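With these hints in hand, go ahead and build the complete structure from the sequences.
Residues per chain, in single letters:
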Amino acid sequence: MTELFQQRIREAAARRSPLRLRGGGSKDFYGNAPRGEILDTRAYAGIVDYEASELVLTARCGTPLKEIEAALEAQGQCLPFEPPHFGAATFGGCIAAGLSGPRRASAGALRDYVLGVKLVDGRGRLLEFGGRVMKNVAGYDVSRLVAGSLGTLGLIAEASLKVLPKPRVQRTLGFELGEREAIEAMNRWAAQPLPLSASLWHAGRLCVRLSGAEASVSAAQRALGGSLDEDRLWESVREQTHPFFAGAEPLWRLSLPSTAAPLAGPQLVEWNGGLRWLKSRAPAAEVRAAAAGAGGHATLFRSADKAAGAFAPLDPALMRLHLELKKAFDPQGILNPGRMYAEL
Amino acid sequence: MGAAVPLARQRDVARALRAFLPERAVLFEEEDTRPYECDGLTAYRQLPMVVALPETEEQVRRILQTCSSMQAPVVPRGAGTGLSGGALPPGDGVLLSMAKFMRVLRVDPLARLALVQPGVRNAVISEAAAPHGLYYAPDPSSQIACTIGGNVAENSGGVHCLKYGLTVHNVVALRGFTVDGEPVSIGGGAPDAPGLDLLALAIGSEGMLLVVTEVTVKLLPKPKCARVIMASFDDVQKAGDAVAAVIAAGIIPAGLEMMDRPATRAVEQFVGAGYDLEAAAILLCESDGTAEEVEDEIARTQAVLRAAGAVRMAVSRDEAERLRFWSGRKAAFPAVGRISPDYYCMDGTIPRKRLGEVLTFIAEMEAKYGLRCPNVFHAGDGNLHPLILFDASRADELERTEHFAAEVLEKCVAVGGTITGEHGVGVEKINQMCVQFRPDELELFHAVKAAFDARGLLNPGKAVPTLARCAEHGRMHVRGGRLPHPELPRF
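Order-wise, the sequence lines are chains A and B. The opening residue of the first sequence carries number 1 in my numbering; numbering runs sequentially from there. The opening residue of the second sequence carries number 345 in my numbering; numbering runs sequentially from there.
Derived by calculation from the structure, the hints in this document are not laboratory data. These numbers come from a predicted model, not from an experiment. It is possible that some hints are incorrect.
Here are the simulated lysine-lysine pairs, BS3-like style, with alpha carbons at most 25 Å apart [claimed, not checked]: (1) B/K507 with A/K166; (2) A/K166 with B/K566; (3) B/K562 with B/K507; (4) B/K568 with B/K507; (5) B/K755 with B/K712; (6) A/K306 with A/K279; (7) B/K582 with B/K755; (8) A/K166 with B/K697; (9) A/K66 with A/K166; (10) A/K166 with B/K562; (11) B/K755 with B/K697; (12) B/K507 with B/K566; (13) B/K507 with B/K697; (14) B/K697 with B/K582; (15) B/K568 with A/K166.
Okay, here's the thing in structure tokens:
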């Protein structure tokens with residue numbers, strides 16, 4: 001099957017004809033508009049290796065993310081970065097998109113859990129980087145580089161991730177707080193040894209999730225106070241089924257230093273203040289300037305019009321490095337061209 | 345590279361640097377450059393043509409521009425504690441010491457970030473963060489000496505990585521220059537920087553892609569409490585199985601280390617850590633967190649270890665005892681240094697389930713090469729540090745040691761692991777890269793290098809072997825492990 005991927009990519013490279021790498025299509029909306037002939041990865045599916053005591057799961061790109069999560073669940077384990085599905089997500093697409101969910105601020109991002117990949121590059125070569133072990137510094141860290149690269153460097157045919165035991169107990173606490181106070185509280189709490197695993201502020205209410213052993217969760221609950229809230233909240237935010245996300249207004253994903261002061265506009269704040277969802281019809285340049293002014297950057301996440309580019313522009317030095325890397329992996333520029341930046 | 349550099353070239357490069365650096369910041373007399381001839385891998389030595397000691401970013405930029413325009417190789421160096429020869433100097437170029445970049449520029453306790461210069465020592469970051477109840481998690485055993493810049497270059501780990509990650513998990517931004525002196529900033533205080541994850545690429549790149557001048561690290565809240573279990577096993581394999589059992593039980597200890605009897609005996613003479621010297625192997629298993637959490641986890645871990653065949657267990661009763669239990673593990677390398685004139689530290693990582701097989705293999709290699717090899721492991725993440733004892737003054741012992749090490753590393757690859765978990769490839773393991781990677785993959789590494797440094801001036805010849813070199817190494821195997829030209833320095 002990987003031979004078929006290799007062949008397709010070699011042929012496309014020979015014709016210099018763009019390919020659109022695609023799993024379940026659940027993130028078709030993400031990034032700039034996809035173009036090229038679809039290369040569907042779903043047929044290459046299945047968990048290759050998973051042993052709970054090794055904390056490593058290896059699977060093929062087309063494996064439904066649901067199937068991965070069910071296999072982990074059966075062993076009391078999980079993907080700690082809680083990736084969003086947004087539909088019929090595949091394993092490969094999940095890694096290529098690089099998106100992390102509510103637990104990111106405490107457990108780390110998707111890329112933090114990537115241990116190795118099998119990659120078909122833009123010349124159709126099947127390459128392996130990293131591996132199935134926790135620590136590996138042989139060669140450049142190409143596995144993490146391709147996480148979140150939106151298929152611009154290669155087709156992730158197979159990947160190995162570090163997994164972790166599921167927290168034994170989870171509890172969600174709610175507090176009535178304004179945005180400024182909530183941001184301050186989230187950061188202050190995150191600087192204390194508390195078993196916090198997620199945070200969220202929206203419309204005057206701060207929610208935090210505690211995860212861990214019963215004893216420590218209960219102790220933290222006593223220390224923080226607040227009222228019990230529903231655990232389902234986190235999934236609704238992760239999958240954007242929460243009412244905040246409804247409607248056709250452009251949705252911006254602002255990455256900011258967690259302590260940045262509140263910005264104007266209707267927002268839902270996650271990751272102790274590091275991630276702020278904003279609904280705004282303001283011109284892209286204005287939103288991007290506000291984010292940059294606060295020390296961060298803005299991604300146009302969902303919008304009918306992405307003419308302004310989905311991702312914040314890179315400075316010329318970084319763009320030059322991106323172009324050189326693209327050339328190294330995909331010299332003909334056929335893999336998901338333009339999906340991340342028009343130039344790539 | 346052994347050949348002497350023409351004095352005229354040395355003079356020209358030194359003079360060009362002196363145009364903007366003070367006299368004391370440009371060294372070229374042998375008595376001044378001698379201290380830089382090697383890093384922690386002392387088996388490899390090379391006098392640098394010139395040593396430059398900048399103090400400002402602007403000086404770093406000009407050094408790089410100057411070297412670039414003169415086609416002189418540049419090798420960055422932190423404290424020189426690296427174990428793979430990553431900072432081995434260029435005989436025909438400039439060793440760029442970042443030792444004067446020693447300032448902690450900012451600690452932001454609310455955002456839990458610290459901005460530091462690359463020459464800041466690892467342990468100093470935690471000291472600077474301590475008043476706020478915070479610390480920097482990665483703790484390589486050289487942490488009192490090694491610098492954060494070196495940690496970034498090597499993606500250093502430590503004894504707590506299973507739970508808290510490596511350098512790549514704990515650094516959020518870098519600032520520095522490409523070899524041409526072009527400034528670059530990657531990552532940032534905000535999560536998920538746009539574009540490709542250049543931060544992941546730069547960290548662990550062994551100083552071959554960028555010269556780093558500022559590092560922003562994550563700080564974590566210091567756990568309120570930590571306790572460590574010392575568990576004894578009468579069989580090394582049982583100890584290995586116990587590690588898997590702990591993890592299978594859903595426990596992620598803050599640290600999970602294993603030492604075999606030769607290692608504990610060497611250490612005990614040196615520091616008196618209170619280890620069980622009758623045990624074939626001991627495990628050190630630490631829990632940290634709130635007092636409630638630790639109590640709960642220690643009890644569960646003890647139950648698992650008992651079921652896995654631990655013959656004795658002791659739990660640290662106070663902080664002093666906890667530190668004493670760890671002191672032996674942290675002093676393992678110097679302790680071994682005391683019982684043998686020289687030692688060679690390996691760094692392979694394997695899937696934990698193959699531990700028994702690899703240990704048996706190491707024992708066979710001890711017999712084959714007639715050299716002893718105590719073992720210490722970061723057992724929780726499968727990272728082995730077998731220490732081959734040898735005496736470099738004896739004929740062929742270094743060579744036998746290198747063959748021993750090569751066979752063990754190649755075994756690590758064969759069982760699905762890697763030749764280096766945290767020490768880096770440098771010059772030391774460059775031949776084994778040919779075993780772990782195929783030509784296409786090595787070619788891609790070279791292309792990545794060229795994307796940052798088209799002329800190959802930054803730390804040339806390290807970490808990624810040329811295909812020609814691998815072809816030669818391949819023939820070496822056919823000949824049964826004899827180096828083709830043992831008299832040549834291996835760069």
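Each hint, compared with the structure:
1. The straight-line distance between the Cα atoms of B/K507 and A/K166 is roughly 14 Å, inside the 25 Å bound, and the hint therefore holds.
2. The straight-line distance between the Cα atoms of A/K166 and B/K566 is roughly 23 Å, inside the 25 Å bound, and the hint therefore holds.
3. Annotation: proposed proximity of B/K562 to B/K507 holds, straight-line Cα distance about 15 Å (limit 25 Å).
4. Taking the CA atoms of B/K568 and B/K507, the gap is near 16 Å; set against the 25 Å cutoff, the hint holds.
5. Straight-line distance between C-alpha atoms of B/K755 and B/K712 comes to about 15 Å, which keeps the hinted pair within the 25 Å bound.
6. With a C-alpha separation of about 14 Å, the suggested pairing of A/K306 with A/K279 holds against the 25 Å cut-off.
7. Between B/K582 and B/K755, the direct Cα distance comes to roughly 21 Å. Compliance with the 25 Å bound is thereby established for this hinted pair.
8. Proximity of A/K166 to B/K697 is assessed by CA-CA distance (about 21 Å); at most 25 Å being required, the pair is judged to hold.
9. At roughly 16 Å between alpha-carbon atoms, A/K66 and A/K166 fall within 25 Å of each other, so this suggested pair holds.
10. Of the supplied pair hints, the one linking A/K166 and B/K562 holds, its CA atoms being roughly 24 Å apart against a limit of 25 Å.
11. A threshold of 25 Å between alpha carbons decides the hint, and for B/K755 with B/K697 the separation of about 14 Å falls inside it, so the pair holds.
12. Taken as a hint, the B/K507 and B/K566 pair is honoured in the structure, with Cα atoms around 13 Å apart against an allowance of 25 Å.
13. As the CA atoms of B/K507 and B/K697 are separated by approximately 19 Å, the hinted pair is consistent with the 25 Å bound.
14. Proximity of B/K697 to B/K582 is assessed by CA-CA distance (about 11 Å); at most 25 Å being required, the pair is judged to hold.
15. Distance restraint check for B/K568 and A/K166: the Cα-Cα separation of roughly 22 Å lies within the 25 Å cut-off, and the hinted pair is therefore satisfied.
Of the numbered hints given earlier, the model fails none.
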